[in-house]
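Enquirer: For reference, the chains in residue letters:
Number of protein chains: 2
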Amino acid sequence: MNIGIIGLGLIGGSMAKAIKQNTPYKVFGLDLQDTIIKKAILVGAIDEALTAELLSTCDLLIVALYPQDTIDFVKSHAGMIKKGAMVLDCCGVKQVICEALEPVARENGFIFMGGHPMAGLAHAGFTHAKKALFNNASMILTPVKGTRIEDVQKIKLLCENIGFTNTQISTPEEHDRVIAFTSQLAHVVSNAYIKSPSALEHKGFSAGSYKDLTRVAKLNETMWTELFLDNPEYLAEEIDGIIERLGQYSKAIKEKDADTLSQLLKDGKERKMLIDGEKF
Amino acid sequence: MNIGIIGLGLIGGSMAKAIKQNTPYKVFGLDLQDTIIKKAILVGAIDEALTAELLSTCDLLIVALYPQDTIDFVKSHAGMIKKGAMVLDCCGVKQVICEALEPVARENGFIFMGGHPMAGLAHAGFTHAKKALFNNASMILTPVKGTRIEDVQKIKLLCENIGFTNTQISTPEEHDRVIAFTSQLAHVVSNAYIKSPSALEHKGFSAGSYKDLTRVAKLNETMWTELFLDNPEYLAEEIDGIIERLGQYSKAIKEKDADTLSQLLKDGKERKMLIDGEKF
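So the protein sequences, as listed, match chains B and W.
Remember, this note's numbering sits 35 above the position in the first sequence when you count from 1.
Remember, this note's numbering sits 35 above the position in the second sequence when you count from 1.
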């Protein structure tokens, strides 16, 4: 099998390394920066540069670009993609991508599958890419309606071969709704948390809870702005939800209402225990 | 030196174990539950039960109770405390405690020092107490004005002997202001985060960021209600601050204002990098 990887950043670069390490497949890579392609060949992450000619030989194309770039690339190369080949994207939002690319795939005789590898690092780029990035991570797949089960199975198997221990099948809508809570809201809250004026003077008082809450504050604002604006309804709903809930705690504290405050905290504790599968 | 420990829960029990392990001092322990005292003697965490008679022989009393219980205990036993002895508390708030107990100490001829061992576990009680609980943790001390430097030094040395790697000297006001941000706000946000309706259906989409954000949601609501209501101004200010900041992200997302959203995220990223001592 020939695999083409478009975008050799943290995700695409790690995909390349993991596939070369764990499978017998040929991997061709494309990147805006020529030096990255050369480096990827040098370290054995790809076999060669992905040319227009090689692109037509690929059975699987993995597009590891930002959302709009992903859409643009697939649209502009749709005519060159082999009939029956599969195109998998790696974006953190799925509705925008799937809605844009499903008809393109149908018209051009290839299969599009939405993918979201739930893995990352604080640092981006091929330099930080590593073959173990996906070890023990989850891959969310959002196959187009009518995708054959064996095609989903093929991608699932590849994911398992390169380290993912969990492959979830979802719809683009469900993905975007849940991801707004599990990932996007976490980044917004963390980013907002660190902006307290008190943050500048906390030295030596730094509890583990503070470290946890602010770990993902250091994000790539260009990528996350695009991801957030591709999922505005679900994310704004999550933000407004936590704003409203936080207001309840603030009110109870200002009114020194111990019963209400205790009940609010107990509700949160029990919710967490329920989700973690603990008794209470 | 004789040390009395009042309250053999997670903190007091761990103090007892760590002191017995790392120092030659005698340790006497008191707990509401007689079985806990017996158990503590059995496992060598204390030498014997802290009787009224022994209390008068203690050079150091460590009170590891909830805030109001701490105040009540010291007040009701003030007359029995040895002149010149030191009393150290372990509460997560300091103004309420120090304001209540400084005059009591002065009137009764002992030294009071506020203490906040920045260590904890999701589980409470002597059963979970361990001698290594304070390893690599910070201890915040808030000595009363006029405390002799050698008395502070004595406590600092004891802290280092039982595992703390960082002892910060602060005022009760500064402690409560900073702790509202580094610890209390983190618990409120985490507790509010987990209550999103989406939390019940996130299975398999569970990113590391979500895990971090909700780790401290599972809290003891009785203890935290008391701690929060002993620090209402600073904490409500922190909650209202993050509510206001979150509103800015929500507004930018709803208005699809990429420039503002990107700037908000960039500001948070740079704040985090500044605090972590990184260049940007």
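Note that these hints are calculated values from the structure, not bench results.
There may be inaccurate statements among the hints.
The list treats identical chains as one, so a pair stands whether inside a single copy or across any two.
[Unchecked claim] List time: in silico DSSO-like cross-link candidates among lysine-lysine, alpha-carbon distance up to 30 Å:
1) K166 / K191
2) K291 / K118
3) K246 / K301
4) K246 / K166
5) K289 / K165
6) K118 / K289
7) K304 / K246
8) K304 / K166
9) K118 / K286
10) K314 / K74
11) K301 / K291
12) K180 / K286
13) K246 / K314
14) K166 / K286
15) K246 / K118
16) K165 / K314
17) K73 / K314
18) K166 / K74
19) K286 / K246
20) K117 / K291
21) K301 / K189
22) K291 / K191
23) K246 / K165
24) K286 / K73
25) K165 / K180
Enquirer: Each hint should be assessed against the structure and marked as holding or not.
Expert: Hints, verified against the model:
Proximity of K166 to K191 under the C-alpha cut-off of 30 Å is restricted to the intra-copy arrangement: shortest distance 17 Å within a copy versus 46 Å between copies. Taking the closest pair of Cα atoms, K291 and K118 never come within 30 Å of each other, the shortest separation being 67 Å inside a single copy and 37 Å across copies. Within a single copy, K246 and K301 get their C-alpha atoms as close as 23 Å, and across copies as close as 19 Å, so both meet the 30 Å cut-off. In this assembly of identical chains, K246 and K166 lie within 30 Å of each other by CA distance both inside one copy and across copies; the values are 27 Å within and 24 Å between.
Proximity of K289 and K165 under a CA criterion of 30 Å is satisfied in neither setting, with 49 Å inside one chain copy and 36 Å between copies. In this assembly of identical chains, K118 and K289 lie within 30 Å of each other by CA distance neither inside one copy nor across copies; the values are 65 Å within and 40 Å between. In this assembly of identical chains, the alpha carbons of K304 and K246 lie at most 30 Å apart whether taken from the same copy (20 Å) or from different copies (14 Å). For the identical chains of this complex, K304 and K166 are inter-copy neighbours only, at 27 Å across copies versus 37 Å inside a copy, given an alpha-carbon limit of 30 Å.
When the C-alpha separation of K118 and K286 is checked against a cutoff of 30 Å, the pair qualifies neither within a copy, at 61 Å, nor between copies, at 44 Å. With identical chains, the CA atoms of K314 and K74 are at most 30 Å apart between copies only, with a shortest distance of 26 Å across copies and 52 Å within one. Taking identical chains as interchangeable, the C-alpha atoms of K301 and K291 lie at most 30 Å apart only when both belong to the same chain, with a minimum of 17 Å there against 36 Å between chains. In this homomeric assembly, K180 and K286 never come within 30 Å of each other (Cα to Cα): the closest approach is 47 Å inside a single copy and 34 Å across copies.
Taking the shortest Cα distances, K246 and K314 sit within 30 Å of each other both inside one copy (28 Å) and across copies (19 Å). With identical chains, the CA atoms of K166 and K286 are never at most 30 Å apart, being 49 Å at best within one copy and 39 Å at best between copies. With identical chains, the CA atoms of K246 and K118 are never at most 30 Å apart, being 49 Å at best within one copy and 41 Å at best between copies. With identical chains, the CA atoms of K165 and K314 are at most 30 Å apart between copies only, with a shortest distance of 24 Å across copies and 39 Å within one.
Taking the shortest Cα distances, K73 and K314 sit within 30 Å of each other only across copies (29 Å), while inside one copy they are farther apart (55 Å). Only within a single protomer do K166 and K74 lie at most 30 Å apart by alpha-carbon distance; the minimum there is 15 Å, versus 50 Å between protomers. Within a single copy, K286 and K246 get their C-alpha atoms as close as 26 Å, and across copies as close as 27 Å, so both meet the 30 Å cut-off. For the homomeric pair K117 and K291, neither the shortest alpha-carbon distance inside one copy (67 Å) nor that between copies (37 Å) is at most 30 Å.
When the C-alpha separation of K301 and K189 is checked against a cutoff of 30 Å, the pair qualifies neither within a copy, at 45 Å, nor between copies, at 39 Å. Taking the closest pair of Cα atoms, K291 and K191 never come within 30 Å of each other, the shortest separation being 53 Å inside a single copy and 35 Å across copies. In the homo-oligomer, the alpha carbons of K246 and K165 lie at most 30 Å apart both inside one protomer (25 Å) and across protomers (23 Å), since each shortest distance falls under that limit. Taking the shortest alpha-carbon separations for K286 and K73, neither the intra-copy value of 59 Å nor the inter-copy value of 44 Å comes in at or below 30 Å.
For the identical chains of this complex, K165 and K180 are neighbours neither inside a copy (33 Å) nor across copies (55 Å), given an alpha-carbon limit of 30 Å.
Comparing the model with each earlier hint shows violations of hints 2, 5, 6, 9, 12, 14, 15, 20, 21, 22, 24, 25; every other hint is respected.
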